[in-house]
Structures are given as structure tokens and as C-alpha cells.
Amino acid sequence: MSALTETYVDNVIGHLPEKSRADIGAEIRATISDMVEARLGEGPHRGPERTATIEREVLEELGDPAALSREYANSPQHFIGPKSYPLFLWTLRWILPIVGLLAVLTNVVVTVATTPDVQLGELIGSTVGNTVTALLTAFAVITIIIGLGDRSLDDNALPRMPGRQKAPWTIDDLDRRDIRGRQTRAEAALGLVFILALATIPFIPTTLLYVGHLNRGGTFINPDLGTDWLLGYWGFLGLLAAVEIIRFVTASARPTVALIGGVIDVAMAVFLTIALLTQPVLHPELTSAANANVQQIITVIAIWIIVVWDQVTTWRTVRGWRRR
Amino acid sequence: MRRRHWPPTSRSCVAAPWSSPASSPVRRPQYGYSLLTTLTEAGIPTEANTLYPLLRRLEKQGLLSAVWNTEQARPRKYYTVTASGAEVAAALHSQWLELDSSITKLWKDGTP
Numbered sequence: 001m002s003a004l005t006e007t008y009v010d011n012v013i014g015h016l017p018e019k020s021r022a023d024i025g026a027e028i029r030a031t032i033s034d035m036v037e038a039r040l041g042e043g044p045h046r047g048p049e050r051t052a053t054i055e056r057e058v059l060e061e062l063g064d065p066a067a068l069s070r071e072y073a074n075s076p077q078h079f080i081g082p083k084s085y086p087l088f089l090w091t092l093r094w095i096l097p098i099v100g101l102l103a104v105l106t107n108v109v110v111t112v113a114t115t116p117d118v119q120l121g122e123l124i125g126s127t128v129g130n131t132v133t134a135l136l137t138a139f140a141v142i143t144i145i146i147g148l149g150d151r152s153l154d155d156n157a158l159p160r161m162p163g164r165q166k167a168p169w170t171i172d173d174l175d176r177r178d179i180r181g182r183q184t185r186a187e188a189a190l191g192l193v194f195i196l197a198l199a200t201i202p203f204i205p206t207t208l209l210y211v212g213h214l215n216r217g218g219t220f221i222n223p224d225l226g227t228d229w230l231l232g233y234w235g236f237l238g239l240l241a242a243v244e245i246i247r248f249v250t251a252s253a254r255p256t257v258a259l260i261g262g263v264i265d266v267a268m269a270v271f272l273t274i275a276l277l278t279q280p281v282l283h284p285e286l287t288s289a290a291n292a293n294v295q296q297i298i299t300v301i302a303i304w305i306i307v308v309w310d311q312v313t314t315w316r317t318v319r320g321w322r323r324r
Numbered sequence: 325m326r327r328r329h330w331p332p333t334s335r336s337c338v339a340a341p342w343s344s345p346a347s348s349p350v351r352r353p354q355y356g357y358s359l360l361t362t363l364t365e366a367g368i369p370t371e372a373n374t375l376y377p378l379l380r381r382l383e384k385q386g387l388l389s390a391v392w393n394t395e396q397a398r399p400r401k402y403y404t405v406t407a408s409g410a411e412v413a414a415a416l417h418s419q420w421l422e423l424d425s426s427i428t429k430l431w432k433d434g435t436p
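The listed protein sequences correspond, in order, to chains P and V. Residue numbers for the first sequence follow the numbering used here, beginning at 1 and rising by one. Residue numbers for the second sequence follow the numbering used here, beginning at 325 and rising by one.
Check the hints yourself; a few may be wrong.
To be verified - Incomplete in silico selection of chain P near chain V, CB under 8 angstroms:
1. T31
2. S33
3. E61
4. L62
5. G63
6. E71
7. L259
Unchecked claim - Taking lysine to any residue and the SDA-like style, the derived pairs with C-alpha atoms no more than 25 angstroms apart in a straight line are:
8. P/K19 with V/N393
9. P/K19 with V/W392
10. P/K19 with V/E395
11. V/K384 with P/N11
12. P/K19 with V/L378
13. P/K19 with P/T184
14. V/K384 with P/R29
15. P/K83 with V/L378
16. V/K384 with P/K83
17. P/K19 with V/Q354
18. V/K432 with V/Q419
19. P/K19 with P/A3
20. V/K384 with P/E18
21. V/K384 with P/A73
22. P/K19 with V/T374
23. V/K384 with V/S358
24. P/K83 with V/L375
25. P/K83 with P/Q119
26. P/K19 with V/G386
27. P/K19 with V/L375
28. P/K19 with V/P377
29. V/K432 with V/E422
30. V/K432 with V/W420
Note that these hints are calculated values from the structure, not bench results. Beta carbons: idealized from backbone N, C-alpha and C, even for Gly.
Build out the structure end to end from the sequences listed, making use of the hints.
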């Protein structure tokens, strides 16, 4: 199977539910092989050039992978009216991210500029609330405008509308970017942001989360915690960050890298468990002396739940990669 | 990918109250491309991007059953009409015949 066909199949299954991707992908590959083979059999010779030409013909006959994907997804496409549906989708894809970004930026700037003592919780709460309101309002406005316009839409204007295929789909329109690679890169970038956030925990003041009065704005972490423990913590985070950087650079979820990441993950969980069970890791003034042990154990349980969940998601990603 | 064993059980291929014989192309297990060829030869040219998603929907509705045959050089997914699929097909076939008969009668009578 050529790289072109693999790219085409990836484009079809990229937006389908994870559980159905392998089956649908295998069937499309088999179909393409059958169609290519049948047409090769009709001709006098089977050179690589002729095979490549026929493969392009077959893929163009199967058509736009996005359209084929929608057929497989079988999701209703008439929410706004079939004529305006491509315009509706196109508008949502362009307008909603812009509205969301503007809402977040505006809210952060206004809150920071108008609030003397900004609390992180307040900032997050107001930003999420206002952004959701802005997105819902934009969605409603777009739906109403396009819905009303759909009633008086001139059929002659349809081909000129944004979001519509201007001409029959050809293989030159195929999105050649590696969809799985992009997904892996996005996950790795998100992982790096998460690791960076974890690395800053020892420095975060309690005033950011409404509990500053408990320890007069100190950190969440016990200031008497040994430097070795902190260096160990950052060391493990550094190793995890290295794994994510490798995933980002190679854009692949190779089993070896996933295995190394999993081992580091578990080793770090063991390290944190030992740290939490042998000394007060959280700031003593934040924990109730009577329930300090219970709080430490709850923290350990939470850590292991996250680790197990991480292992499961990593294993599922690797399994999806190996099916390719 | 989870693949069921080949060949499929005979339960899905028999005991359907349909008038076509058991050896009919629509009753034999067929893979997608062979169905496309069968339909084209029968004068119903169908596009692959229409047929395959449709087969999957019919499979989800329990009207078709499907198994992967991995014994050949090229793995293929074979579809077979289930008992309930055969019932639905028989009902549709019967409706089609009635409609065909009515249209023919109207045509003979000079309408339209």
C-alpha cells in the first residue's frame, strides 16, 4: 500500500470514533487494492507508473475523504438546512475560535486591570463563565442569521458560498499533512505545558487560590522540605519533559518511547509516595494536624489514580499507532 | 482490530423467507468490491463511497453480518444478509413488486 493511499485513509478515519477507525481503515485499504488490481488486470502491462496513475484515479473516484468520512459518521447534516450546511460549518470553524480567544484575552486584561488583588480562582472562574457565554451567543447569532438566510437562498449562489467544494475533488486537494503526527505533537505540547505547571507548584503562593490567610501567603509546599526532594521532583519532571520533547520532535507514539515514559511515570509516583509518607510535604499550616495522615494518604491515592489513568491512555495511543 | 473468524456461521445465510435462491449473489457472503461489481453487472452502477458506509450502517442495524477473511493474501470483509435483514429485504421486494404492478397497470390503462 502506497504512502498516498495511507494518507488518504488517514484523512478519512481521522475524524471518526477511535473504536471504528481500524476496521473502516482496513476496509478502505482492501477496497482500494481491489479496485487498483481490477483495473491493472484490464491493461496490457503493470509498471509502477501505471499503478500510480490508476491509484490516483481510484482515490479520486472515492472522492473527498472528508465527504467519505461524513458518510461513515452518518451524523445529521441538516441542522441548519442542507443548502447552507457547508457555510454554517465554515462560519462556526472560523468565528467560534476567534470569539473564544477574544473573550479569554478581554476577560483576563479587564480582570487584571480592574482587580487590585487578583485571585487565580476568580480569574479562571470569570474567564470560563464569560467565554462560554460569548461562545453560546456567537453560536446562536450565527445559527439564526444563516437559518433565516437559508429560506431565501438563491440556488445560483450555492457554488460561490464559502465552505463549498469549488470543483470536483482531485488528489491534489488531499491534505498531505500527517494527521496522527499532528495529533501526537499536540498531545506532547499539552504534556509539556502540564509538566511546566507541575514544576511551578513549589513556588505557587496560596494567595492565588483563596487560602492565603491560612499560611499568610506562603507556598503550598512545606518550606522545610529538603532541597534533595525538590531536586528529585524536578529531575523526574525533566525526564518526563524529555520524553514529551522526543514525541514532539519525532511526531510518533512509538512503543519504546511510550514504555520509557511509563517507567518514568511509575518511578516518579513511587518517589512522591515515599516523600508524602515520610514527611509533611504540604505546608503544615494548610493541613489539619488531626487529619494530616489521612490527607497525605488521599494525596497518594490521587497520584496513583492519575498514574494508572496515564498508563491506560498511553497504552491506547500506542495500540492505535501500531494498528497503522 | 477485532476480526471474527472465517468462514461465517451458516445461521445468517439460511432460513430467510425470501424468494431468491440461496445461491443468489445477494445471499452469498460478498466483500465490498465484489458487491460493487455485482451491482454494476446487474445494471445498478453504485459508487464505492456510497456503498461502503451503507454496508456499515446495515451491519449496525443488524440487517447484515460481517466477518473478516484473513486467510487470503488480501484481508477482506465479507457481508452476509442476516435473518432479520432477509425479512426486511423480502418486505421491500414485495412492496417493490406491488408498486411495479400498479405502475404497469396504470401505464397500460393510459395514465398518464
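Hint by hint, here is what the structure shows:
1. T31: Hint holds; P/T31 Cβ to chain V Cβ min 5 angstroms, cut 8 angstroms.
2. S33: Status holds, d = 6 angstroms.
3. E61: holds, 7 angstroms
4. L62: holds, 5 angstroms
5. G63: This hint holds: P/G63 lies near chain V, its Cβ roughly 5 angstroms from the closest one there, short of 8 angstroms.
6. E71: holds, 4 angstroms
7. L259: P/L259 check fails; min Cβ-Cβ to chain V is 22 angstroms, beyond 8 angstroms.
8. P/K19 with V/N393: Holds: P/K19 and V/N393 sit about 20 angstroms apart, inside 25 angstroms.
9. P/K19 with V/W392: holds, 16 angstroms
10. P/K19 with V/E395: Roughly 24 angstroms between the alpha carbons, so the hint for P/K19 and V/E395 holds.
11. V/K384 with P/N11: holds, 23 angstroms
12. P/K19 with V/L378: holds, 18 angstroms
13. P/K19 with P/T184: holds, 18 angstroms
14. V/K384 with P/R29: holds, 21 angstroms
15. P/K83 with V/L378: Measuring from Cα to Cα gives roughly 23 angstroms; hence the hint holds.
16. V/K384 with P/K83: Status violated; Cα separation ~28 angstroms.
17. P/K19 with V/Q354: Answer holds: P/K19 to V/Q354 is near 24 angstroms, not above 25 angstroms.
18. V/K432 with V/Q419: holds, 20 angstroms
19. P/K19 with P/A3: With a Cα-Cα distance of about 23 angstroms, the restraint between P/K19 and P/A3 holds, given a limit of 25 angstroms.
20. V/K384 with P/E18: At roughly 16 angstroms apart (the allowed maximum being 25 angstroms), P/E18 and V/K384 satisfy the hint.
21. V/K384 with P/A73: Given pair V/K384, P/A73 holds - Cα atoms ~12 angstroms apart, limit 25 angstroms.
22. P/K19 with V/T374: holds, 21 angstroms
23. V/K384 with V/S358: holds, 21 angstroms
24. P/K83 with V/L375: holds, 24 angstroms
25. P/K83 with P/Q119: violated, 48 angstroms
26. P/K19 with V/G386: holds, 18 angstroms
27. P/K19 with V/L375: With Cα atoms ~21 angstroms apart, P/K19 and V/L375 stay inside 25 angstroms; holds.
28. P/K19 with V/P377: holds, 16 angstroms
29. V/K432 with V/E422: Since the Cα atoms of V/K432 and V/E422 sit roughly 15 angstroms apart, the hinted pair holds (cutoff 25 angstroms).
30. V/K432 with V/W420: holds, 18 angstroms
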